[in-house]
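Model the placement of chain B on the given structure of chain A, informed by the hints.
Protein chains: 2
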Amino acid sequence: MSACEFESLEKSLESHLPEAELVEVKRILFGKETKKLDLPACAVEAASERDFELKGYKFDAAQEQLRPPRNIRVGLIQHHIVLPTDAPILDQISAMHSRIGEMVEVAATCGVNIVCFQETWTMPFAFCTREKEPWTEFAESAEEGNTTRFCQELAKKYNMVIVSPILEREELHGTLWNTAVVISNSGNMLGKSRKNHIPRIGDFNESTYYMEGNTGHTVFQTQFGKIAVNICYGRHHPLNWFMYSMNGAEIIFNPSATVGALSEPMWPIEARNAAIANHCFTCAINRVGTEHFKSEFTSGDGKKAHHDFGHFYGSSYVAAPDGSRTPGLSRTRDGLLVVEMDLNLNRQISDKWSFKMTGRYAEYAEELAKVVQHDFKPKIVKE
Amino acid sequence: MSACEFESLEKSLESHLPEAELVEVKRILFGKETKKLDLPACAVEAASERDFELKGYKFDAAQEQLRPPRNIRVGLIQHHIVLPTDAPILDQISAMHSRIGEMVEVAATCGVNIVCFQETWTMPFAFCTREKEPWTEFAESAEEGNTTRFCQELAKKYNMVIVSPILEREELHGTLWNTAVVISNSGNMLGKSRKNHIPRIGDFNESTYYMEGNTGHTVFQTQFGKIAVNICYGRHHPLNWFMYSMNGAEIIFNPSATVGALSEPMWPIEARNAAIANHCFTCAINRVGTEHFKSEFTSGDGKKAHHDFGHFYGSSYVAAPDGSRTPGLSRTRDGLLVVEMDLNLNRQISDKWSFKMTGRYAEYAEELAKVVQHDFKPKIVKE
Chain A
1 MSACEFESLE KSLESHLPEA ELVEVKRILF GKETKKLDLP ACAVEAASER DFELKGYKFD
61 AAQEQLRPPR NIRVGLIQHH IVLPTDAPIL DQISAMHSRI GEMVEVAATC GVNIVCFQET
121 WTMPFAFCTR EKEPWTEFAE SAEEGNTTRF CQELAKKYNM VIVSPILERE ELHGTLWNTA
181 VVISNSGNML GKSRKNHIPR IGDFNESTYY MEGNTGHTVF QTQFGKIAVN ICYGRHHPLN
241 WFMYSMNGAE IIFNPSATVG ALSEPMWPIE ARNAAIANHC FTCAINRVGT EHFKSEFTSG
301 DGKKAHHDFG HFYGSSYVAA PDGSRTPGLS RTRDGLLVVE MDLNLNRQIS DKWSFKMTGR
361 YAEYAEELAK VVQHDFKPKI VKE
Chain B
1 MSACEFESLE KSLESHLPEA ELVEVKRILF GKETKKLDLP ACAVEAASER DFELKGYKFD
61 AAQEQLRPPR NIRVGLIQHH IVLPTDAPIL DQISAMHSRI GEMVEVAATC GVNIVCFQET
121 WTMPFAFCTR EKEPWTEFAE SAEEGNTTRF CQELAKKYNM VIVSPILERE ELHGTLWNTA
181 VVISNSGNML GKSRKNHIPR IGDFNESTYY MEGNTGHTVF QTQFGKIAVN ICYGRHHPLN
241 WFMYSMNGAE IIFNPSATVG ALSEPMWPIE ARNAAIANHC FTCAINRVGT EHFKSEFTSG
301 DGKKAHHDFG HFYGSSYVAA PDGSRTPGLS RTRDGLLVVE MDLNLNRQIS DKWSFKMTGR
361 YAEYAEELAK VVQHDFKPKI VKE
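As you go down the protein sequences, you meet chains A and B in turn.
In this text, residue positions in the first sequence follow UniProt numbering: the first is 1, and each later residue adds one.
In this text, residue positions in the second sequence follow UniProt numbering: the first is 1, and each later residue adds one.
Okay, chain A solo, but in the shape it has when bound:
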């Protein structure tokens, strides 16, 4: 079995483990079980017709006396590119718009309040090629671009907050950015959040295309809760998650594009650790499939030039502040993950574990200020 054929860890466990052991294994691996969410039959049918996986789960919180539950539904969408990477650019973008359009329609039927797409969802993840053309032509204005307009229409139509991560072109300064556009359910653009940490690894030195983001750790107050977007490589940086949380984020989305050989064993760890450490929900989204490029390219690993860099393994999931998580979407198929969560859980877990109160942040602020000096002397004891 090749790594890109293996469909899902959860399916494998459920097919083979005896029931009593499965309960223990799932408890240790995934924490308190997330309930399955009943989704409308018409949504299930539509997903099947449109050939994507549809899964629904629910995180519960305790009933409080003074606050009503704050149940909301998020949708995570993972998908293949639709047309070959050498098709005309406008056709590629339009095809992706259509695909997302039909998936978001199902999300709406499922009552999703906030949906998030994968990183640079309108294009192949072509940054491995190091070619500027034609890939930079996929870049659009965050405020005025067709993709933002498209999402604004969806947002209004379905009363849904949309997080739309694109390759952004800022005409004013002639700069490109890796940016998530956040659109309110009113259809208005709420703002944007740029990728804070840029990889220089394997096939990707993305600073060939765009540099570290300058939007800091902005949090967006939506009708359905306070959200933030930590794009892709930022998930490896605990301080990045932390700072979104310190600015009040209740849900942090992590739209990503990452392949197996590089990162798969880290995938279930990092977003989930962030949910635990910061008393919030995190949503990790990865694209699926293998993308082929016409020009060959090398990967700085001594190997021969090739036309693709591996299989995007999907496996999108949601993690909760109590350490539990949903199963992942498929490693191979397009999918929509619908997750209902009571946002009251964040404060309940925070009141229980108290990481924010036992964190000694003032002391870390002092220590970090020293550590970043070029003449910092580490505290090392020798015999």
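FYI, nobody ran anything at the bench for these hints, they're computed from the structure.
It is possible that some hints are incorrect.
One copy or two, it doesn't matter: identical chains are merged, so the pair holds either way.
[Stated by the list, open to error] Cross-link-like lysine-lysine pairs, in silico, DSS-like; alpha carbons within 27 Å at most: (1) Lys132 - Lys294; (2) Lys32 - Lys303; (3) Lys58 - Lys11; (4) Lys157 - Lys58; (5) Lys377 - Lys303; (6) Lys26 - Lys11; (7) Lys382 - Lys156; (8) Lys377 - Lys36; (9) Lys352 - Lys379; (10) Lys26 - Lys352; (11) Lys157 - Lys382; (12) Lys370 - Lys352; (13) Lys352 - Lys377; (14) Lys11 - Lys379; (15) Lys379 - Lys156; (16) Lys370 - Lys11; (17) Lys370 - Lys382; (18) Lys352 - Lys303; (19) Lys36 - Lys26; (20) Lys356 - Lys370; (21) Lys352 - Lys304; (22) Lys382 - Lys356; (23) Lys32 - Lys356; (24) Lys304 - Lys32; (25) Lys356 - Lys379.
Just chain B, lined up with the frame of chain A:
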């Protein structure tokens, strides 16, 4: 099957999954496979006679041209308390010394260079009772106590660095601390590292007994590498791991005492995330068994008073900077985990992933300094 009977996640997977799927499941769950380490037959026999689990694994690194490999072996020891909690204190401590003595002897036979014991290893984890007596009588001087002397003898005898986490009494100020004593393989005490983050959760408000540590993020230069000790609850705080790493730690030990209901699903996540995020090795150690106390106590959860607070689930493991990890020790048995690692792997992974260079720490230092002000205004965008 009750949670305290379930022996091991890894055993369950290995017993039931077909070979081809097992390979994929293990790759996703544990990363690149750790090789089994051949251990001397006499060690295997001794472990069997002394009724503890003995497992050995090895993390490889690439061969470099300018640096020879830096292969070292660490030992992680998890164990039950030996005598009942109401036995005379000196007897309890002596029995624990004997048990550790016979386990360390096997570690020496296995070529272990650095061994670390579990949190407050000389005593039951009695802090749930909130009784000061007799538990504070287990506290000893870090410099002059019998347990430190005992460890110094072992260290000299076996040429082994010993990390010995105890309840420390500092006579000078009349204070107690939760402290790891670090003893060089010469037998000299290198120093001590106090628990930085103190839980106030469930059965444990440990600040009844000791407060937040004042030893900062000290790193100890040993003959076998630079080590640090992040005690128990500090594993929930990413900044704590981070700061040990910024001070140069190559291996961070996490001696712990934690029970299933509270933390088990977080256990495989946090130390491993720290190894990934900080390009270092982390070693998570938890005690095993259920400890019964004569006086009943309540747990602040509305339930009836009881005499124990649950099953310590062991499951000690080592995580590597490439995201891989060893299988865990048993959830139910005493055990010694021997892990060989080439410390060159840290720099190799750091050169590959470059989190320290893409981390933007200077900007976080500024941001954190603002965040900790009482009048901090979070960056929240509204419509």
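Outcome of the hint check:
{"no.": "1", "hint": "Lys132 - Lys294", "verdict": "within (14 Å within a copy, 72 Å between copies)"}
{"no.": "2", "hint": "Lys32 - Lys303", "verdict": "between (44 Å within a copy, 20 Å between copies)"}
{"no.": "3", "hint": "Lys58 - Lys11", "verdict": "within (19 Å within a copy, 30 Å between copies)"}
{"no.": "4", "hint": "Lys157 - Lys58", "verdict": "within (25 Å within a copy, 56 Å between copies)"}
{"no.": "5", "hint": "Lys377 - Lys303", "verdict": "neither (40 Å within a copy, 50 Å between copies)"}
{"no.": "6", "hint": "Lys26 - Lys11", "verdict": "both (12 Å within a copy, 14 Å between copies)"}
{"no.": "7", "hint": "Lys382 - Lys156", "verdict": "between (64 Å within a copy, 17 Å between copies)"}
{"no.": "8", "hint": "Lys377 - Lys36", "verdict": "neither (52 Å within a copy, 39 Å between copies)"}
{"no.": "9", "hint": "Lys352 - Lys379", "verdict": "between (33 Å within a copy, 26 Å between copies)"}
{"no.": "10", "hint": "Lys26 - Lys352", "verdict": "within (23 Å within a copy, 33 Å between copies)"}
{"no.": "11", "hint": "Lys157 - Lys382", "verdict": "between (66 Å within a copy, 21 Å between copies)"}
{"no.": "12", "hint": "Lys370 - Lys352", "verdict": "between (32 Å within a copy, 26 Å between copies)"}
{"no.": "13", "hint": "Lys352 - Lys377", "verdict": "between (37 Å within a copy, 25 Å between copies)"}
{"no.": "14", "hint": "Lys11 - Lys379", "verdict": "neither (48 Å within a copy, 41 Å between copies)"}
{"no.": "15", "hint": "Lys379 - Lys156", "verdict": "between (56 Å within a copy, 25 Å between copies)"}
{"no.": "16", "hint": "Lys370 - Lys11", "verdict": "neither (48 Å within a copy, 46 Å between copies)"}
{"no.": "17", "hint": "Lys370 - Lys382", "verdict": "within (21 Å within a copy, 35 Å between copies)"}
{"no.": "18", "hint": "Lys352 - Lys303", "verdict": "between (51 Å within a copy, 16 Å between copies)"}
{"no.": "19", "hint": "Lys36 - Lys26", "verdict": "both (14 Å within a copy, 26 Å between copies)"}
{"no.": "20", "hint": "Lys356 - Lys370", "verdict": "both (22 Å within a copy, 15 Å between copies)"}
{"no.": "21", "hint": "Lys352 - Lys304", "verdict": "between (53 Å within a copy, 19 Å between copies)"}
{"no.": "22", "hint": "Lys382 - Lys356", "verdict": "between (33 Å within a copy, 24 Å between copies)"}
{"no.": "23", "hint": "Lys32 - Lys356", "verdict": "within (23 Å within a copy, 34 Å between copies)"}
{"no.": "24", "hint": "Lys304 - Lys32", "verdict": "between (46 Å within a copy, 23 Å between copies)"}
{"no.": "25", "hint": "Lys356 - Lys379", "verdict": "both (26 Å within a copy, 18 Å between copies)"}
In this structure, the earlier hints numbered 5, 8, 14, 16 are contradicted, and the remaining ones agree with it.
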